[in-house]
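Chain by chain, the residues:
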Amino acid sequence: MKIEDQTKCLMLSLPNDPQYGVLLRKFVSWVAMLEQFDIKAIEDIEWAVDEAFTNALQHGVPTVDGQEVITVCIYPLQDSIEITVHDSGNGFDPEAIKCRQEEDARDCEFDLAECGRGLDLIAASMDDLQYDRVPDGTRVRMVKHRRTEAEGT
Amino acid sequence: MKIEDQTKCLMLSLPNDPQYGVLLRKFVSWVAMLEQFDIKAIEDIEWAVDEAFTNALQHGVPTVDGQEVITVCIYPLQDSIEITVHDSGNGFDPEAIKCRQEEDARDCEFDLAECGRGLDLIAASMDDLQYDRVPDGTRVRMVKHRRTEAEGT
Amino acid sequence: MGNVTNFAVETKVACAEGAVVAIVGEMDAYTTPQVKVAMQQMLDDGHKYLIVNLARAEYLDSTALGALVGALKRAREKGGDLRLVAPTARIMRLLDITRLSKVFPIDATDEEAVAHLSAERTGA
Amino acid sequence: MGNVTNFAVETKVACAEGAVVAIVGEMDAYTTPQVKVAMQQMLDDGHKYLIVNLARAEYLDSTALGALVGALKRAREKGGDLRLVAPTARIMRLLDITRLSKVFPIDATDEEAVAHLSAERTGA
Ligand SMILES: Nc1ncnc2c1ncn2[C@@H]1O[C@H](COP(=O)(O)OP(=O)(O)O)[C@@H](O)[C@H]1O
Ligand SMILES: Nc1ncnc2c1ncn2[C@@H]1O[C@H](COP(=O)(O)OP(=O)(O)O)[C@@H](O)[C@H]1O
Chain A
1 MKIEDQTKCL
11 MLSLPNDPQY
21 GVLLRKFVSW
31 VAMLEQFDIK
41 AIEDIEWAVD
51 EAFTNALQHG
61 VPTVDGQEVI
71 TVCIYPLQDS
81 IEITVHDSGN
91 GFDPEAIKCR
101 QEEDARDCEF
111 DLAECGRGLD
121 LIAASMDDLQ
131 YDRVPDGTRV
141 RMVKHRRTEA
151 EGT
Chain B
1 MKIEDQTKCL
11 MLSLPNDPQY
21 GVLLRKFVSW
31 VAMLEQFDIK
41 AIEDIEWAVD
51 EAFTNALQHG
61 VPTVDGQEVI
71 TVCIYPLQDS
81 IEITVHDSGN
91 GFDPEAIKCR
101 QEEDARDCEF
111 DLAECGRGLD
121 LIAASMDDLQ
131 YDRVPDGTRV
141 RMVKHRRTEA
151 EGT
Chain C
1 MGNVTNFAVE
11 TKVACAEGAV
21 VAIVGEMDAY
31 TTPQVKVAMQ
41 QMLDDGHKYL
51 IVNLARAEYL
61 DSTALGALVG
71 ALKRAREKGG
81 DLRLVAPTAR
91 IMRLLDITRL
101 SKVFPIDATD
111 EEAVAHLSAE
121 RTGA
Chain D
1 MGNVTNFAVE
11 TKVACAEGAV
21 VAIVGEMDAY
31 TTPQVKVAMQ
41 QMLDDGHKYL
51 IVNLARAEYL
61 DSTALGALVG
71 ALKRAREKGG
81 DLRLVAPTAR
91 IMRLLDITRL
101 SKVFPIDATD
111 EEAVAHLSAE
121 RTGA
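Protein chains in written order, with the numbering used here: chain A, 1 to 153; chain B, 1 to 153; chain C, 1 to 124; chain D, 1 to 124.
Treat the hints with caution; some may be incorrect.
What the hints assert, rightly or not - Derived contacts from chain A toward chain B, CB cut-off under 8 Å, selection only:
#1 L10
#2 L14
#3 P15
#4 K26
#5 F27
Calculated from the structure, these hints are not laboratory results. For each residue, glycine too, the CB sits at the ideal point set by N, CA and C.
Could you build the full structure based on these sequences and the hints that come with them?
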């Protein structure tokens, strides 16, 4: 994932307010539509971005002026779309969470937890996923490849 | 127009590419919808933002790295919505253009010009309009008031 | 031009101890609290059998699923249950991805759900 | 979820010197060039009477209007004309704001427009 090479980017910066989730989803799904992703891929991208936004809302820490902003960058690439969601929180160790989830899965076949499905949904929806601590917060990078004709519907 | 006071802002930054006009229009119209503007006001806002974007595309000058970005900020306020469109061009004198247009209007009742309707449409659609030269380009600020019940449909 | 603000929760009493909660529009982190309140209200009013109709639910995310799982647990704690009705293909896909299609009983219509719950209630 | 990429221009020959150009979707700075090409093609092919059907045109902006005015002028230069058909209320409002509702003849149907153009053609 070489974001640095890419100049063409659509950026969206939103206040820390869940009412804007629907706008973000619509916007991202439209970019994916313009980029000729199929409907299933668009649904996946919508889920991933929504979950990353919700996590940023819940786990991002407001900056000194009290107004946290969540920044989303969309990079339409040749064979994929790459999306980053950037919040100003302290991040976390995705490995630790992964382990906890695997334990849960071992423990109970029918998971009745009331939270904790966001990262799973992102992972299931996207082809590549990476969390980074950046100087001013946490950034998740997600990649969805365009399916070639050969791979079918 | 006191943008400086406002912390809550939705920002969109788009590459200099007309294909993104439709995304911008949809996004802005959704914000206006969330803000309970009526359908006619939403149509007006869509036109104004579209025309400002088209002007930024046509008259904005690419920056040194060849990639011009057009930045749109949307400020949902108590009784209005304020939108700025920012390009990196050298701007112009709206007064000069205004005069030209008034002359045109005097000259021919039926205007068969193939361009020049953008600023008129912005002015007709919005309640307040202002062009500013800012250090790194041109910024148009547009305000649409929310109509009160008393003013009817 | 589409509508982003068409979210609604509709509740109606279906039978003695059962209620239908219909979700209209997009259920996400912003709108889920409304659904939670509606479901809790029904439970508090003695309707321990909840039927959540998803026919007009255009979108659900993990926050929405968490609320549904929570209501399912609360209903079962009271000796009741929660059934989903008519999820769209998209939502069915979400339930499969999250393995919740094994957790929630799913019916095609409210009537079918009522029939199942009546059977459960009478211990049939 | 709506479609942002559903733009299309459909052309069909209506009579000896007339053609219908139907616009589907949003006509803006991005899509207008396609309409310009289609209209010019019709004019070049000898169809100097253009009927622009806007029934399915969801959106027009000043760039779109500029292209329509341009085609009107080119058609008149050839001794022909351009008529608009079935603009939506929104587009009618745009034509009024820009005072172009006085410039373009407007009809309710393609047939009505053809009838007007035939009359014009035969000098009736
Ligand atoms: N942007 C983030 N910043 C900090 N922590 C995060 C972030 N995203 C996820 N997490 C951590 O990962 C955990 C699992 O996330 P998720 O699967 O979305 O479930 P939930 O948010 O419902 O707990 C969260 O509880 C949180 O501890
Ligand atoms: N963002 C801008 N930067 C520089 N000049 C502008 C800008 N917006 C408008 N103008 C000037 O105002 C004129 C009128 O604009 P408009 O009414 O939109 O018509 P058009 O763009 O079709 O000429 C333009 O031709 C241009 O000279």
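Exercise for review: Return the numbers of the hints above that this structure violates; sort them in rising order.
Suggested key: Of the numbered hints given earlier, the structure breaks none, since each of them holds.
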